[in-house]
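Model the placement of chain B on the given structure of chain A, informed by the hints.
Spelled out, the chains give:
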Amino acid sequence: MRVTLVLTHQCNLGCSYCYAGEKFRRSMPLEMGYQGLQMALQGPGEPQLAFFGGEPMLEFPNLARVVRAASRSPKPVRLSVTTNATILTERHLQFFKRYGFWVALSVDGLGETHDRYRPFVDGRPSSDVVWKNLEKAVDYLDEHKLHVLMVVSPGTVGGLLPAVERLYRMGYSRVSLLPNLEADWPAHREELFEAYSQLARITYLAQLTPEPLWLSPFMDHFQAPHSPLQDTVACGFGRTSVAISPKGNLYPCARLVGTDVRQEVQIGSLTTGVCSTRVEELRGHAEDKLSSCGGGCKCIPHMPGKVDPQLENHRLFNELTEEACVAARQSCELVPA
Amino acid sequence: MSGDKKTRRRFLADMLFAGGAVTAASVLGYLATHTKPVPEQHPVGAMVPATPPPTPAIAPTPLSELQPDGDVAYPRPEKQKCETRPDALRPAGAPPPPPPQRQGQSARPARRQP
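Chain order of the listed sequences is A and B.
Here our numbering is used: the first residue of the first sequence is 277, the next is one more, and so on.
Here our numbering is used: the first residue of the second sequence is 1050, the next is one more, and so on.
Chain A on its own, in the form it takes in the complex (with noise of 0.2 angstroms):
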């Protein structure tokens, strides 16, 4: 069972397309922290915990507790945490490698285009700070167990292929690219298909060497079956993989939980249980909207706001990454002697 922990509603930076809304701070209580650790344990399959916000560094003392709990049971846990990498000491860095953790480091771009999105909440500008941690992360940790995820919005697009470049160089391997489906879209058509084909391509062209690039979403086109990043884009919404609250209310997914208010997306709390028809009500409401747009993640049709032109926006981009990949094999593939 996968258990994710919002471990705090507060955060410290102030990006402009956050989807966890309004940031308070309410933090998760450490017991919660260990009922959390019991539902991995006691659910179906690996037992798997997962740190997420607002910000949970800025919760790190819990965090170590409940992990040093987890690394005392029976089972082996599988740890991951997702972090904005703004703070990311040596001292933590230590702590991700000992007891093997996956970090998640959340960048949007170099410099200007990262600081547009991702500003401190005074405005300060973060970049500097993060790309600063993100040499510091890879030189610790195992790069297999790193992943940058990087959100597209219309003023980052242009920035993507320089920074994936930087990435790259620095170590890392893995990387996503997670659409800001609020953007409008529409607008920025060719110039999303003119960075997506140029990193189709490099994707493409990564695999046939010995230190490949695997860059979500082009890696699930060019057939990949040993993707490491097959583990974390299997989800169990729900079924296998449940988020908590600070206050302890349960949701498929911590992409859901927003300020905790949308009783409409919960299922269940810590106190009750899951409700597993609820789950599949969800599931299913999902599964209805997403098959008109080639499949894609459960949370975005129970996002809040509009959600008609989100899965609009997620079309558009399920339909680009395709004609991309497709641009991209047939330009690089090797010609018959």
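Everything labelled a hint here was simulated from the structure, so no lab data went into it.
A hint or two may mislead.
Unchecked claim - As a list, the in silico SDA-like pairs of lysine to any residue whose alpha-carbon atoms are at most 20 angstroms apart: (1) Lys1054/B - Gly572/A; (2) Lys373/A - Ser1051/B; (3) Lys1054/B - His420/A; (4) Lys1055/B - Glu487/A; (5) Lys408/A - Ser1051/B; (6) Lys408/A - Gly1052/B; (7) Lys582/A - Gly572/A; (8) Lys1055/B - Gly572/A; (9) Lys1054/B - Arg442/A; (10) Lys421/A - Ser1051/B; (11) Lys1054/B - Lys582/A; (12) Lys1055/B - Lys582/A; (13) Lys1055/B - Pro438/A; (14) Lys1055/B - His420/A; (15) Lys1054/B - Thr485/A.
Stated by the list, open to error - Not the full set, but computed from the structure, chain A residues with beta-carbon under 7 angstroms of chain B: (16) Cys294; (17) Glu298; (18) Arg301; (19) Tyr444; (20) Gly447; (21) Leu481; (22) Ala482; (23) Leu484; (24) Thr485; (25) Asp564; (26) Leu566; (27) Glu609.
As the list claims (entries may be wrong) - Restraint-style ranges between C-beta atoms, simulated for each label pair: (28) Lys1055/B - Glu470/A: 27 to 37 angstroms; (29) Ser545/A - Ala1070/B: 37 to 47 angstroms; (30) Asp418/A - Thr1056/B: 42 to 52 angstroms; (31) Lys1055/B - Glu563/A: 27 to 37 angstroms; (32) Gln539/A - Ala1070/B: 50 to 60 angstroms; (33) Lys1055/B - Phe371/A: 24 to 34 angstroms.
For every residue, glycine included, the Cβ atom is placed at its ideal position computed from N, Cα and C.
For chain B alone, kept in the frame of chain A given last:
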């Protein structure tokens, strides 16, 4: 990240992020050229296996010298033997390769009689 890995990444990034002219063939060719051991020199008179003329070498600068799309197919690095007759792969205009030599025969071409 080790020094070796850094160097390898730098080398590959120069090639992968070079732009539109890079193809799978040129990547494989480039890797093959830079990972293959130096071929053995056959002593005069020894049996020389029938091999096609070597694929034109790619210069070590990845950005400027990578072949554009579709011109040349480079051998895959794992392929060692060529199953095609050498002449079939000869570039247009190139002189024919010397015939396979037998043991004891001189590697030098016979002097033309007046």
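Hint check results:
At roughly 35 angstroms between alpha-carbon atoms, Lys1054/B and Gly572/A are farther apart than 20 angstroms, so this suggested pair is violated. Proposed proximity of Lys373/A and Ser1051/B is supported: the alpha carbons are some 17 angstroms apart, at most 20 angstroms. Restraint check for Lys1054/B and His420/A: satisfied, since their Cα atoms lie roughly 14 angstroms apart, inside the 20 angstroms limit. Proposed proximity of Lys1055/B and Glu487/A is supported: the alpha carbons are some 11 angstroms apart, at most 20 angstroms.
A hinted pair counts as satisfied when its Cα atoms are at most 20 angstroms apart, and Lys408/A with Ser1051/B qualifies at roughly 18 angstroms. Of the pairs offered as hints, the one joining Lys408/A and Gly1052/B holds, with about 19 angstroms between alpha carbons and a cut-off of 20 angstroms not exceeded. Our distance criterion of 20 angstroms between C-alpha atoms is met by Lys582/A and Gly572/A, whose separation comes to about 18 angstroms. The straight-line distance between the Cα atoms of Lys1055/B and Gly572/A is roughly 35 angstroms, outside the 20 angstroms bound, and the hint therefore fails.
Our distance criterion of 20 angstroms between C-alpha atoms is met by Lys1054/B and Arg442/A, whose separation comes to about 15 angstroms. With a C-alpha separation of about 16 angstroms, the suggested pairing of Lys421/A with Ser1051/B holds against the 20 angstroms cut-off. The hinted pair formed by Lys1054/B and Lys582/A fails the criterion: a straight-line CA distance of about 46 angstroms is larger than 20 angstroms. Note on Lys1055/B and Lys582/A: the hinted pairing is violated, with a Cα-Cα distance of about 45 angstroms set against a maximum of 20 angstroms.
Proximity of Lys1055/B to Pro438/A is assessed by CA-CA distance (about 17 angstroms); at most 20 angstroms being required, the pair is judged to hold. Distance restraint check for Lys1055/B and His420/A: the Cα-Cα separation of roughly 15 angstroms lies within the 20 angstroms cut-off, and the hinted pair is therefore satisfied. For the suggested pair Lys1054/B and Thr485/A, the alpha carbons sit about 13 angstroms apart, so the restraint of at most 20 angstroms is met. With a cut of 7 angstroms, the hint placing Cys294/A at the interface with chain B is violated, because the nearest CB-to-CB distance is about 30 angstroms.
Look at Glu298/A: its Cβ only gets to about 39 angstroms from chain B, farther than 7 angstroms, so that hint breaks. A hinted interface residue such as Arg301/A counts as satisfied when its beta carbon comes closer than 7 angstroms to some beta carbon of chain B; here the least separation is about 38 angstroms, so the hint is violated. A cut of 7 angstroms between beta carbons decides the hint on Tyr444/A: the least distance to chain B is about 5 angstroms, and the hint holds. Interface hint status for Gly447/A: upheld, as the beta-carbon distance to the closest one in chain B is roughly 4 angstroms, under 7 angstroms.
Given hint, Leu481/A at the interface with chain B, holds; its Cβ is 5 angstroms from that chain's nearest Cβ, closer than 7 angstroms. With 7 angstroms as the threshold, the beta carbon of Ala482/A comes within range of chain B, its nearest partner Cβ sitting at about 6 angstroms, so the hint holds. Proximity of Leu484/A to chain B holds as hinted, the smallest CB-CB distance being about 5 angstroms (cut-off 7 angstroms). Hint status for Thr485/A relative to chain B: holds, with the closest Cβ pair at about 5 angstroms, below 7 angstroms.
Look at Asp564/A: its Cβ only gets to about 40 angstroms from chain B, farther than 7 angstroms, so that hint breaks. The restraint placing Leu566/A at the interface with chain B is violated, with a minimum CB-CB distance near 33 angstroms, outside the 7 angstroms limit. Of the supplied interface hints, the one on Glu609/A holds, with its beta-carbon coming within about 6 angstroms of a beta-carbon of chain B, less than 7 angstroms. A beta carbon spacing of about 30 angstroms between Lys1055/B and Glu470/A agrees with the range 27 to 37 angstroms that was offered as a hint.
Separated by about 58 angstroms at the C-beta atoms, Ser545/A and Ala1070/B break the suggested range of 37 to 47 angstroms. Distance hint for Asp418/A and Thr1056/B: a CB-CB separation of about 19 angstroms, inconsistent with the stated range 42 to 52 angstroms. Here the CB-CB span from Lys1055/B to Glu563/A is close to 45 angstroms, at odds with the stated 27 to 37 angstroms. Distance hint check: the CB atoms of Gln539/A and Ala1070/B are about 56 angstroms apart, consistent with the given range 50 to 60 angstroms.
The hinted window of 24 to 34 angstroms between Lys1055/B and Phe371/A holds, with their beta carbons roughly 25 angstroms apart.
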